[in-house]
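Using the hints, position chain B against chain A.
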Amino acid sequence: MEKATLQVKNLSTSFFTERGEIKAVNDVSFTVPRRSIVGIVGESGCGKSMTARSIMGLVKYPGRIVAGSIDLEGKELTALSPRDMSVVRGEEISMIFQEPMTSLNPVMKVGHQVREAVLLHRKVSRKEAKNKVLRIFEEVGISEPEKRYNSYPHELSGGLRQRVMIAMAMVCRPKLLIADEPTTALDVTVEAQILELMKKLRDEVDTSIILISHNLGVIAEVCDYVHVMYAGRIVESGETFELFDNPRHPYTKGLMSAVNSLALRQPSLETIPGTVPNLLDVKEGCSFAPRCRHCNQRCITETPALSELSAGHNVRCHLVREV
Amino acid sequence: MEPIKTREEKELRDNSFRAVCRRLFRENKPAAFSAILICLMILAAILAPVITPYSYEEIIDPLNRLAAPSLQHPLGTDEIGRDVLTRLLYGARISLLVGIVPTLISMAAGAALGILAGYMGGKVDTVIMRLADVMLAFPSMLLAMVIMYTLGDGIINIFLALALVNWASVARIVRAETLKLRETEYVEAARSIGVGSLKIMCRHILPNCLPSLIVLFTLNIPSAILSESSLSFLGLGIQKPMASWGLMVNTGRQYLYTNPWLSLAPSLAIMVVVLAFNFLGDGLRDILDPHLKKQ
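First to last, the protein sequences are chains A and B.
The opening residue of the first sequence carries number 1 in this note's numbering; numbering runs sequentially from there.
The opening residue of the second sequence carries number 1 in this note's numbering; numbering runs sequentially from there.
Excised from the complex, chain A in its bound form (with noise of 0.2 Å):
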């Protein structure tokens, strides 16, 4: 098997607030495989923009690392000193977020923000590094090139503006890029673009791509792993058509229900009953026990491991085997 770009063991991201320690991720383990696109699903609040930012190693203050290792290519990440994880931040990691329209500095040209990235980790001169600009924008499609490179933010669409954050995340050739909801503010044409982009890059700049969303859809287009995450933790996990095909989770199965679908002509959405819990009072037992219409006692009062069903397809659920 080849090696992994990826392991993240038994992470554990907390906040310590006045009010007491928030679990905002718990016990969570994946491995991310060489050219592969890894999904993370959940609601809002369910941790998986901390398990991104815990990999960045950008949690910011009172949150912190409380346990676990990352693993990137045989390097140990939360060993790492500030100074020398701002080295690999953008050389070897990088990031895209949500809001193209916020992710650009307002008052700075694109070309040179991505070349910022550029003279950071690379020693060449201004004059190549805005060459090497111009070729990743014309990668990733920007059209016109040279005429970009000096637009300001405000001048370009939000399908473009995120098509160069992708080219700055993308320009030093990281091993791994995170998406944190890359197309969750872009509309339907421009995000198939996206993601088709994305598996691109992934093909020939040999990328390993975590994508993070609340859109089955999207993770279903692209990814080959999923994680469900529920409250800090990973619920369930599998290859993305054994997991689309028969999910078993109860909270999976939520999730798959209230996808909206023209083909089966519901009378109306299915939904599931409840919110995500407070994380501030994690208690012993399933965490999704209070909106599982099979709870049972023993959902109450043991917390349930992850087991697995078949090959790469794990379950934390007491009930997996009955429901």
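Quick caveat, the hints were computed from the structure, so don't treat them as lab data.
Each residue gets a CB set at the ideal place from its N, CA and C atoms; glycine is no exception.
Do not rely on the hints blindly, as some may be mistaken.
[Claimed, not checked] Subject to a maximum C-alpha distance of 27 Å in a straight line, what follows is the list of computed DSS-like cross-link-like pairs (lysine-lysine): (1) A:Lys109 <-> B:Lys199; (2) B:Lys199 <-> A:Lys123; (3) A:Lys199 <-> A:Lys3; (4) A:Lys199 <-> A:Lys75; (5) B:Lys199 <-> A:Lys175; (6) A:Lys175 <-> A:Lys123; (7) A:Lys147 <-> B:Lys199; (8) A:Lys132 <-> A:Lys199.
[Unchecked claim] Which chain B residues face chain A? A few, computed with CB under 8 Å, are given here: (9) Asp153; (10) Thr184; (11) His204; (12) Pro207; (13) Asn208.
[Said to hold, decoys possible] From the derived model, a few chain A residues whose C-beta atoms are all more than 10 Å from chain B: (14) Lys3; (15) Arg89; (16) Lys127; (17) Gly217.
Okay, now just chain B, sitting in the frame of chain A:
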């Protein structure tokens, strides 16, 4: 793909020097007029030796003391026979310099400390901001007087005193701005490509603070000019025979009933400059502050 925008919308977001000037002239006539006036004042101060044939410190006409305005002396002469208009022009050099230099120093220091405090947070923030609080707790005029008293008079010391009095309020405003900018996604994005703290502060946060800083600059200049006038009036600032507007008001005070032009001319000059800077500052704020746009 190209978003449709009206010309007006594009201009609203364009903060280049030319665009700002154009909008200033179109939307805010008093501010534009003030800008021209200030430029003329600066020009007059620089060209003082060309404009006036007299000297500001030598007694030129001992027999013609306290003369009323005439063609020869448009604003009359003072108590030892010096031309008042000449002293007013030379005084503009000091007053404008005192308006601009200490303000620049206090802006630079305040911006640097404010960004540092806002971006770093924690202990750095606490130390800088408590220091600023202490500075702000003193009445600023009193503090400036104490500093001038200890350092002695002289123009460099006035610069120092006024800069020391003003940096704290600048630091506060810049810190607040930084706290807001620090959380923006583009700062986060910059960090995610490995940009270091110092570079983020200089290249991402400072340029985005500039609109506020420019406005703050124009609004702080008049207060610096007034402070210098007050200090000189109290005898702690510029010393004779140099000319400054505050000093001229002070010396003219004794002749207020008999020869009012001695005090009135510099007082009017102070008023006009202060008002002009205030109008300009207000106008710039309307144009540069996105929250006030289009109301």
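Hint check against the structure, violated hint numbers in rising order: 9 and 15
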